[in-house]
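With the hints as extra help, turn the sequences into a complete structure.
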Amino acid sequence: MLQFLLHGLTVLLLPPLLPGLIAKTKARMAGRQGPPVLQLYYDLAKLARKRAVYSRTTTWVFLAGPVGGVAAGLAASALVPFGHTPAPISFEGDVILFAYLFGLARFLTILSALDTGSSFEGMGAAREATFSALAEPALFLGFAALAKANASLSLGTMLAFPGSLTTRFTGPLILILAGWVIVYLAENSRIPVDDPNTHLELTMIHEVMVLDHSGRPFALVLYGASLKLLVLGALILTPALPRAAHAWQNWLAFYAALAGLAVGVGLVESSMARFRMTKVPQFLVAGVLATGFAFLLMLV
Amino acid sequence: MLDVALVLASSGCWFAGALLSAFSRPPERLATGLGLLGSLLALGASIHLLLGGPTSWVVFQAWGLPARLEVDALSAAFLLPLHLVGGLGLIYGRRYWPAQLPWGSGRSLRFFYGLLVAAMTLLFLARHGLVFLVAWELMAVSAFFLVGTDHEKPEVRRASWVYLACTHTGTLLLTAMVILMAQRMGGLQWTVLPVSTSPWFEGGILLLALVGFGFKAGVLPLHFWLPSAHASAPSHVSAILSAVMLKTGIYGILRVSCLLPAIPRGVGGTLLALGALTAVYGVGNALAQRDYKRLLAYSSIENLGIILMGVGLGWTGRATHDPWLMALGFGGALFHIWNHSLFKSLLFYGAGAILHATGTRDMEALGGLGRRMPRTALLVFPAVLAVTALPPFNAFLSEWFLYRGLFTSLAHGYPWSAALGLVALALAGGLAAVAFARFFGTLFLGSPRSEAAEHAHDPAGSMLLPMAVLAGLCLAVGLGAFLLLPLLDRAVAVLAPGTPALLARGLQGDLRLLAGLELVFLLLVAAGLAWLRRPEAVAAASGPQDLPTWGCGYAVPVPRAQYTGSSFADAWAPVQPGLRARRPHLRGLFPGGASFRQAFKEPVGEVFLEPRVARVAERLLRFRRFQQGHLPVYLLYVLLTLLGTFLWMLLRERLLG
Numbered sequence: 000m001l002q003f004l005l006h007g008l009t010v011l012l013l014p015p016l017l018p019g020l021i022a023k024t025k026a027r028m029a030g031r032q033g034p035p036v037l038q039l040y041y042d043l044a045k046l047a048r049k050r051a052v053y054s055r056t057t058t059w060v061f062l063a064g065p066v067g068g069v070a071a072g073l074a075a076s077a078l079v080p081f082g083h084t085p086a087p088i089s090f091e092g093d094v095i096l097f098a099y100l101f102g103l104a105r106f107l108t109i110l111s112a113l114d115t116g117s118s119f120e121g122m123g124a125a126r127e128a129t130f131s132a133l134a135e136p137a138l139f140l141g142f143a144a145l146a147k148a149n150a151s152l153s154l155g156t157m158l159a160f161p162g163s164l165t166t167r168f169t170g171p172l173i174l175i176l177a178g179w180v181i182v183y184l185a186e187n188s189r190i191p192v193d194d195p196n197t198h199l200e201l202t203m204i205h206e207v208m209v210l211d212h213s214g215r216p217f218a219l220v221l222y223g224a225s226l227k228l229l230v231l232g233a234l235i236l237t238p239a240l241p242r243a244a245h246a247w248q249n250w251l252a253f254y255a256a257l258a259g260l261a262v263g264v265g266l267v268e269s270s271m272a273r274f275r276m277t278k279v280p281q282f283l284v285a286g287v288l289a290t291g292f293a294f295l296l297m298l299v
Numbered sequence: 000m001l002d003v004a005l006v007l008a009s010s011g012c013w014f015a016g017a018l019l020s021a022f023s024r025p026p027e028r029l030a031t032g033l034g035l036l037g038s039l040l041a042l043g044a045s046i047h048l049l050l051g052g053p054t055s056w057v058v059f060q061a062w063g064l065p066a067r068l069e070v071d072a073l074s075a076a077f078l079l080p081l082h083l084v085g086g087l088g089l090i091y092g093r094r095y096w097p098a099q100l101p102w103g104s105g106r107s108l109r110f111f112y113g114l115l116v117a118a119m120t121l122l123f124l125a126r127h128g129l130v131f132l133v134a135w136e137l138m139a140v141s142a143f144f145l146v147g148t149d150h151e152k153p154e155v156r157r158a159s160w161v162y163l164a165c166t167h168t169g170t171l172l173l174t175a176m177v178i179l180m181a182q183r184m185g186g187l188q189w190t191v192l193p194v195s196t197s198p199w200f201e202g203g204i205l206l207l208a209l210v211g212f213g214f215k216a217g218v219l220p221l222h223f224w225l226p227s228a229h230a231s232a233p234s235h236v237s238a239i240l241s242a243v244m245l246k247t248g249i250y251g252i253l254r255v256s257c258l259l260p261a262i263p264r265g266v267g268g269t270l271l272a273l274g275a276l277t278a279v280y281g282v283g284n285a286l287a288q289r290d291y292k293r294l295l296a297y298s299s300i301e302n303l304g305i306i307l308m309g310v311g312l313g314w315t316g317r318a319t320h321d322p323w324l325m326a327l328g329f330g331g332a333l334f335h336i337w338n339h340s341l342f343k344s345l346l347f348y349g350a351g352a353i354l355h356a357t358g359t360r361d362m363e364a365l366g367g368l369g370r371r372m373p374r375t376a377l378l379v380f381p382a383v384l385a386v387t388a389l390p391p392f393n394a395f396l397s398e399w400f401l402y403r404g405l406f407t408s409l410a411h412g413y414p415w416s417a418a419l420g421l422v423a424l425a426l427a428g429g430l431a432a433v434a435f436a437r438f439f440g441t442l443f444l445g446s447p448r449s450e451a452a453e454h455a456h457d458p459a460g461s462m463l464l465p466m467a468v469l470a471g472l473c474l475a476v477g478l479g480a481f482l483l484l485p486l487l488d489r490a491v492a493v494l495a496p497g498t499p500a501l502l503a504r505g506l507q508g509d510l511r512l513l514a515g516l517e518l519v520f521l522l523l524v525a526a527g528l529a530w531l532r533r534p535e536a537v538a539a540a541s542g543p544q545d546l547p548t549w550g551c552g553y554a555v556p557v558p559r560a561q562y563t564g565s566s567f568a569d570a571w572a573p574v575q576p577g578l579r580a581r582r583p584h585l586r587g588l589f590p591g592g593a594s595f596r597q598a599f600k601e602p603v604g605e606v607f608l609e610p611r612v613a614r615v616a617e618r619l620l621r622f623r624r625f626q627q628g629h630l631p632v633y634l635l636y637v638l639l640t641l642l643g644t645f646l647w648m649l650l651r652e653r654l655l656g
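Top line first, the protein sequences correspond to chains A and B. Residues 0 to 299 in numbering that gives the first Met the number 0 are what the first sequence spells out, letter by letter. Residues 0 to 656 in numbering that gives the first Met the number 0 are what the second sequence spells out, letter by letter.
Quick caveat, the hints were computed from the structure, so don't treat them as lab data. Even for Gly, the Cβ is constructed at its ideal location relative to N, Cα and C. Hints are not guaranteed to be accurate.
The list that follows gives simulated cross-link-like pairs (lysine to aspartate or glutamate, EDC-like), each with its CA atoms no further than 16 angstroms apart [to be verified]:
(1) A:Lys278 to A:Asp194
(2) A:Lys45 to B:Glu535
(3) A:Lys49 to B:Glu535
(4) B:Lys600 to B:Glu151
Computed Cβ-Cβ distance ranges for the label pairs, DEER-style [what the hints assert, rightly or not]:
(5) B:Val612 to A:Arg55: 20 to 30 angstroms
(6) B:Asp361 to A:Val52: 30 to 40 angstroms
(7) A:Ala255 to B:Ala500: 40 to 50 angstroms
(8) B:Cys257 to A:Met276: 52 to 62 angstroms
(9) A:Phe274 to B:Ala572: 53 to 63 angstroms
(10) A:Arg48 to B:Ala560: 32 to 42 angstroms
(11) A:Gly7 to B:Ala8: 52 to 62 angstroms
Set out below in C-alpha cells:
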C-alpha cells in the first residue's frame, strides 16, 4: 500500500523536476548559471493563476489535447513499474493499453493543434503525426521481443524480468534499449529530433503545436510533457536496473537512475545539434531496425 | 422454434414495409414502424439466443426437398448489427432522403432498403444451398439498386455497374461451391461433414468460398468495387453496406468452414497474412483520399482486413487444436465485426450529415464545421477515436483481443504469420491515426474553406438520434466489454466446438481492470475540464474576447492559408499506392510559373484491371454478330441447342464407353 502511495506521489510531484535537471545540465555544459532546477514548478504555479486566451476559431477540441494528454499520461503511469517496484495495476495485455494511451494523448494533441486553423500548427501536427507513426513500431517491436522473451504481456513481468541478464537475452536487450532511447528522444521532442528551445516556428515540431495554448491549458501541456519524460523514462530504466533486496534500495536506485537519465539527455542536447527535418525519419527508422532486429533474434 | 419464428417474422415485417413503400403514395409512418418492429423482434431473438437460448430451427419442403432455416449463436451474432444498423438507418433516412422528392428516388430507396434487410436476415438463417443463393442474390441486387439511387450522375451509374459485375462474379463462384457441397453432402441441405474423404474436394470448396465470399468482403485484390460503391450510395445505405453487407462475406467464410471437417494449417497463416496486407493497403489508401466518404470506404477495407486476421488466427488454432487461440481469434474477429458496425455506421451518418449540410464530398472545401455543426462534431468524435482503436472506445478492445491472440500464437510457435500480423496491426493503427486526424481536422476544425462550409448547420433531430445511440454504444461497449464475453463465447462455441466459455474465464479479470483504468481516465478528463472551468485566482483584466489565432505576428489569417488535408498526409505519399503526383521541376535561378497536380487512381481496379478489361471487351466485340435482333435467328439458336443436346444424349454412351 505504501509502495502505491509513493508511486502516486512520484507521478504527481516529481515530473517537473526532470526538465529542470536537463536545463541545468545544458546550462552548466555551456558554462552558464542557468535557471533554477525547480523552474518548471514556478512556471506551473504562475500559469495556473493566469487567464487563458482562446482564439475565435477554436472549439472544445482545443482543450481536449491538454486535458486528455495529462489524463492519459496519469492513467498510463499506473501500469508501468518504477524500477523493480511492481506497478499498482497490472494485468495480462496491459502493455497494449499503455501504448495506446500514449497514442490517445498524441492524437488529441494533434487535433487540438489543428483546431486553431493556423498553418504553423497544422505543419507541426503533420510532423508529429508522421514522426510518431514511425516511432510507434519501434516501441511495439521492443514490446514484442520482450513478450516473446518471457512469455508474458504484462509490463511488470516484461520489464522487471529476472532472467533479463542471461546471455541469451543480453544482445536483444541492448538493441531494444538502444531503439527505445531513440523513441524516448523523439516522443519527448528532444534534440536531435526536435529542439525545445528553438524560436523559429518553421523548425519546431512539438512547440509549434501548442503556440496558442496559454494559462491553465498551457500549464497542463507543460506538465503532460514532463510526465511523459518520467513514464517513458521508467520504461527504459527498469530493464536496465539491477534488482535489489529491499524496497527502499529499489526506489533509491530508480530515483538515481532517473536523475542520471535527465542528465544524460542534457548531455546529448549539449553535444549535438538538431537533425535536418529530412534526416529525422532516418533516425527513427534506425530505432525501428534496432528493435526489429531484437525481435528477430528472439524468434529464431 | 421461438427464436427462428421471431426472426422470420422480422424478415416478413421488413419485406412488408418494403412493399408498402413501393406504393405511389406510401404510408411512410406505417412502413417505418413495420421496419422498426422487425428490427426489435430480431434483436430480441438474437439477444435471447446469445444469452443462452437453444439453437432453434424450422424444416420445410422447398421444391419437393427438405430445407432448413436455423438460427444459432453465429447467426445471432450477425443479426445483431444488421438489425441495429438497419433500424437506425430507417430513422436516419426519413430526413436524409425524403420520400417525396421530385424524381421519385425516395420510394425506390425505401423499397430496396427494406428488401436488403429482409434478404440479409434470410441469408443468416439459410442452411440450404438454394435458399442461401436466393437470399444472396436478393441482397446483391437490392444493394445494386441502392448504390444506384442517385443514378442521374454518371459516376454513380458506373460505380453501381462495377459493383454488379463483381458481385455476380462472386455469385458464380458461390454457385460452383454450392454444387460441390451438394455433391459432397448428398443434397442441398447443409450438414456438417464429420470426416475428411478427399482433401482436393474440400480444398476446392474452401477455395471457392474464400474467393466468392472474398469479393463481398473486399479482400485485397477483390476490393476494387468497394470504395466507389460506398462513396456513391446514400449515406445511410453506405452505413449498412459497410457495417453489415461486407460482413456477409465473413459470415459465409465462417459458416462454410464450420461445415468442413478440417482446415489445413497453412490456410490460417495465409489468411492472416492476407488480412494483414489488406489492412495496411486499405489504410494506406485511406490516407490519400480527398473524398471523405471514399476515405471511410477504404477504412472499411482496413477493418475487414483486421477481421480476416482474426479468422486466420482462429483457423490456425483450429488446425493445431489450440482452444485458446481459437477463442481469441474468432472472438476478436466477431467482436471487431460488432465494433466496426457501430463506429463505421456512425461515421457514415456523420458524413451524411455533412453532405446534407454542405453538398460537397471534397474535404478540402470544408473546415470549421465543429463550430457550425457542434452536435455532429461531438457525436462523430467518439467514432473517430474508435476507428483509430484508441481507448476508452470499443474498437480498442477488439484489437486488444487480436493482439493477445497474436502474442499467444507467437508463444505457441507459429511465429512468422503472427509477427507479420503484429507489425501490420500496429502500423495500421498508426496510419489510421494519421488518416482520421486528417478526416476530423480538415472537416471539423480550423476555419471554413468555402462558402458551403460557412453556412452549414446541424441536421434534424431524427438524424442526430441514431448517431447519439451509436456514439453511446461505442463508449458503453468500450467500458462494459466484460459483460459481453459470455455472448461472444456462445458465438465462438459454434465455430470452435469444445471451447466452453474460455473468453469469459480467461479475460474477465483483465477486462475489468482495463475498464477500471479507462474509467479513471475519464474521471481525470472530467476533473481536468472542471479545473479549467473554475475562475482563476487573479481577477482577470477584461481583455478583448474575440481574438484571432496567433499567426506569428500576422493578424489577418485567411482560411486558404490553413494546412490542407493533402499536405497533412503528404509525408505518407510513398505508402499510398494509388496516389499520382506531378511535381514541377524548378530549374535556374528565376524559374517561371509552376503547377502541381495530384490525383488518386485505385491501383487494382483503375490502374491494373480497367485497361485489360477494356482490351478483352474489344476482342469480344466480334461475337456481336450473333446478336441479330431477329426473332427467327434466336429460334434457330434454340433449335440448334436442342439438337446438340439430343445428339449428346445419343452419343454419350458410345463416347464415354
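Hints, one by one, checked against the model:
1. A:Lys278 to A:Asp194: Roughly 14 angstroms separates the two Cα atoms, so the pair holds.
2. A:Lys45 to B:Glu535: This hinted pair holds, its Cα atoms lying about 11 angstroms apart.
3. A:Lys49 to B:Glu535: holds, 6 angstroms
4. B:Lys600 to B:Glu151: It is violated: about 23 angstroms lies between the C-alpha atoms, which goes past 16 angstroms.
5. B:Val612 to A:Arg55: 20 to 30 angstroms: Violated - the Cβ-Cβ distance for Val612 of chain B and Arg55 of chain A, about 52 angstroms, lies outside 20 to 30 angstroms.
6. B:Asp361 to A:Val52: 30 to 40 angstroms: holds, 33 angstroms
7. A:Ala255 to B:Ala500: 40 to 50 angstroms: holds, 48 angstroms
8. B:Cys257 to A:Met276: 52 to 62 angstroms: holds, 53 angstroms
9. A:Phe274 to B:Ala572: 53 to 63 angstroms: violated, 21 angstroms
10. A:Arg48 to B:Ala560: 32 to 42 angstroms: holds, 34 angstroms
11. A:Gly7 to B:Ala8: 52 to 62 angstroms: holds, 56 angstroms
Checked against the numbered hints above, the structure breaks hints 4, 5 and 9 and satisfies the rest.
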